[in-house]
Amino acid sequence: MILTRLISTRHEYDTLFAVYVPIAAGVFVVIVIAIAAAVFRYRRRPPEKAARWSEHNGLEAGYALLLTATVAFLLYLTFTAEHRVDTVSARERPDLTVDVTGAKWEWQFTYPSYGIVVRSGTVGHQPLVVPINEAIRFRLASQDVIHSLWIPELRFKRALIPGATENVTLTFTRAGTFPGQCAEFCGLRHADMVFTVRALSPGAFADWARAHARGG
Amino acid sequence: MRGGAIPLLAWATLLVVLLAINWIWTGDAIQVGSFAFAAAAIFAVALALIVGARRDALRRGPPQPTRDPETVPAASLGAVLVAVAVASIVFGLAFGHFLVYFGAGLLVVSLGMVLREWLAERRQRRAWLERERR
Amino acid sequence: MTVHSPPLRAPRWRSAGWVGALTSTDHKRIGLNLGLASFAFFLIGGVLALLMRAQLAEPNGQLVSDNTYSELFTMHGSTMIYLFVTPMAIALSMYLVPLQIGAISIAGPRAALTGFWTWLAGGLIMQSGWLSAGGAGRAGWFSYVPLSNGTNTPGVGQDLWVLGVILAASGTVVMAGCVLATIARRRAPGMALLRMPVFTWTGLVTVLMVVGSFPVLIVAMILLYIDRHGGNIYSGFSGAIDYQDLFWFFGHPVVYVMFFPYLGAAAEAIAVGANKRWFGYKAFVASVMAFAALSMSVWAHHMFTTGGVTNQYFAFTSTALVIPAGIEYFDVIGTVIGGAVVLRCSMLFGLTFFVQFLIGGLSGIFVASPVLDYSANNTYFIIAHFHYTLFAGSVFGFFAGVYHWFPKLTGALLRERLGKLQLAVMIVGTNLTFFPMFLVGEDGMPRRISRYAEHPGWATLNRLETAGSAIIAVGVAIFLVNLWVSLRRREPAGDDPWRGHTLEWATSSPPPPLNYEAPLPPIRSYAPLLDLRQHAEDREREKAPA
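In order, the protein sequences belong to chains A, B and C.
The first sequence begins at 1 in the numbering used here and counts up by one.
The second sequence begins at 1 in the numbering used here and counts up by one.
The third sequence begins at 1 in the numbering used here and counts up by one.
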């Protein structure tokens, strides 16, 4: 058996965030200071004093090169992260498979290997229970319109489009109770299409699954 | 007129480059199709300009003065009614089919009005040229 | 010296009074009518936004029903995009491009007039949905299938929405075609392509994008209409993806249609305010052309979370937008440096446009990364991002244009002090409304929900946003007061109050029916009036020592 590193979407997001946001903040500060300084320095002069030069193509070309290098750097980070999230994670042999069905306006989570079905949304508030540090394959399908599985804790969402089943492989890395919601407007009671995720340690999850599998 | 087709050709060429990358990278029929439509639309406008003005539409440099007279309309009721006619046809699809028939009739009338305005303009331009020649 | 052919005027049907104003084929009148109608739609769309903000001021708000809330966000987005920012962009080009390139009229004046009325009829038909039994369109401004089909959103209101979009888009394409033909065919003698003003270039790329992308929207909407009436066009997974592809093929370029003319307006206001030629003209022209072409090929970054598109291509093109956008910021700074800056309202709005748009642009690079978008997509982070581009950006650019060209349009000056008050109030309101949306979105609040549970912090942030939106409304009200005061008690502006650079300042305010009565000044660059002034200064300097 080949062991691959578990892919945490949360971790990938946080890593990219830590690069993108400081760069953006830095660029913002530099440009605002440059504009403000230029305006302050050259304000209230007689119009005849204004300089007549209006071009410096060498400088602009240099600036464009700097921008191109920045783009290349950001794309490199993004592409490698995207490869891990979308491709590498899909190669992982999942420890658990959950069928997710969206319908106006409820979530149905089915655990085929345990025979458990939980529902949430306008029909009830049963949580989606998952083990942590294990790869979970979600098989996403919709019965009517487009919905979107959105779990802010994982910094991940994926659309549920009727007519096809899409697979995503996700991993929770910390135990706790997290909110989840439909993120694609799906009609009248879209706002009520919510659910709760309970992430448990693998042992606690096994206990939960056994208890409910027996009951169901 | 001078050089009018140049920016269109340049821009449409940029689109074709991006379209080629899209084609290679995605191979998605509907994406390539929409993209090809956009490039073709711009090329078609450029072509129309070239047909209208021949070489001038491709020549660089500033436009030269012309002594051709031109007529400039001040107002056009016909043009407004064309829009009203089209709108009532479309609105009629949801509101009631009588509006579709009304709009179709109005469209014929209003196009006739535009044609009349246009013919009058042409007559006036001819008359002016006649006077100039004398 | 330029020679104009003697213009002949066609037999008039009637051109006096309000009938004349509504049937006029003068591009200035059409542009003004289009601008006024768009601005009226802006006020309507703004009221819808205020209602939404009032609903969201408290968790589990009870002000409006879920159904009404769906109508509110659908019609707010649709009104702002199809009926305000896009047509206002065309209105600026319609009014100004012929003046800036020394043309006496627009190409195809009758077609332009038909286009305006078609667009207006589309807008009214879309809004008429409010009067229908089931209410207005309520499937969102992009009305994804299958939600927007006849089964999931039945009713005449959604039909009227589809038909309204078809007409509004058709009218917009026709008007854009007229502006395009004007630039191609009607430049004055001497006005070579690389002597066209900066605003005209932004207008040119705008209409190129409209001609290339809007027909795809019209096709998508006609197919949607057929689908709604039993046509079964968009079926299954691929049907849903196809609709999104077609829609966003229009839907992303339109974002830049709603950006470029305002960029051009801000650029003109800044160049004139700095009393200096726009910096890096050729690089600017090349960058807006590349910018516009790239922006035709980024559309599916709206579809990163569908699993139906090649995310990497669209991440590549979307991130590459950094390069032309960066050039534009470089040019702003280059224009101000060495200038003689006068901080009038037009200049201040123009600079604010660039500063605030920067937040929208930088957050745009963030969401151009699929991994980051998997989180941000369909949350308030996205709402914050595009409101920083469209409201904090384009609307401020629009006001820069208003303060810059109002004297040209009316012959009267707007009050500067009221303008500065408006600017200050709007900066506060805008950032108070939209910045907290980044935070609440990052925390996971999805868009388009009429109620939210009590997550820690959400209520406070949402209350701030609601307060901010009320402050924006005050800012807009100050502008309306300014309009009223300035038109009632006119301060005459003269032909060229700001020492303008471009040809529209070489004619009277407002310009005569055929734009120019005196011969045009010689056109040797993209700032012909500045050339004249500098030439005169040089002559004076030569004389002085003698």
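Think of the hints as simulated: they come from the structure by calculation, not from any bench.
Treat the hints with care, since some could be wrong.
No farther apart than 27 angstroms at their CA atoms in a straight line, the calculated lysine-lysine pairs in the BS3-like style are these [to be verified]:
no., chain 1, residue 1, chain 2, residue 2
1, C, Lys-543, A, Lys-49
2, C, Lys-543, A, Lys-104
3, A, Lys-49, C, Lys-420
From the derived model, a few chain B residues whose C-beta atoms are all more than 10 angstroms from chain C [claimed, not checked]:
no., residue
4, Arg-55
5, Tyr-101
6, Ala-104
Each residue gets a CB set at the ideal place from its N, CA and C atoms; glycine is no exception.
Status of the hints after comparison with the structure:
{"no.": "1", "hint": "Lys-543(C) - Lys-49(A)", "verdict": "holds, 18 angstroms"}
{"no.": "2", "hint": "Lys-543(C) - Lys-104(A)", "verdict": "violated, 83 angstroms"}
{"no.": "3", "hint": "Lys-49(A) - Lys-420(C)", "verdict": "holds, 26 angstroms"}
{"no.": "4", "hint": "Arg-55", "verdict": "holds, 14 angstroms"}
{"no.": "5", "hint": "Tyr-101", "verdict": "holds, 17 angstroms"}
{"no.": "6", "hint": "Ala-104", "verdict": "holds, 16 angstroms"}
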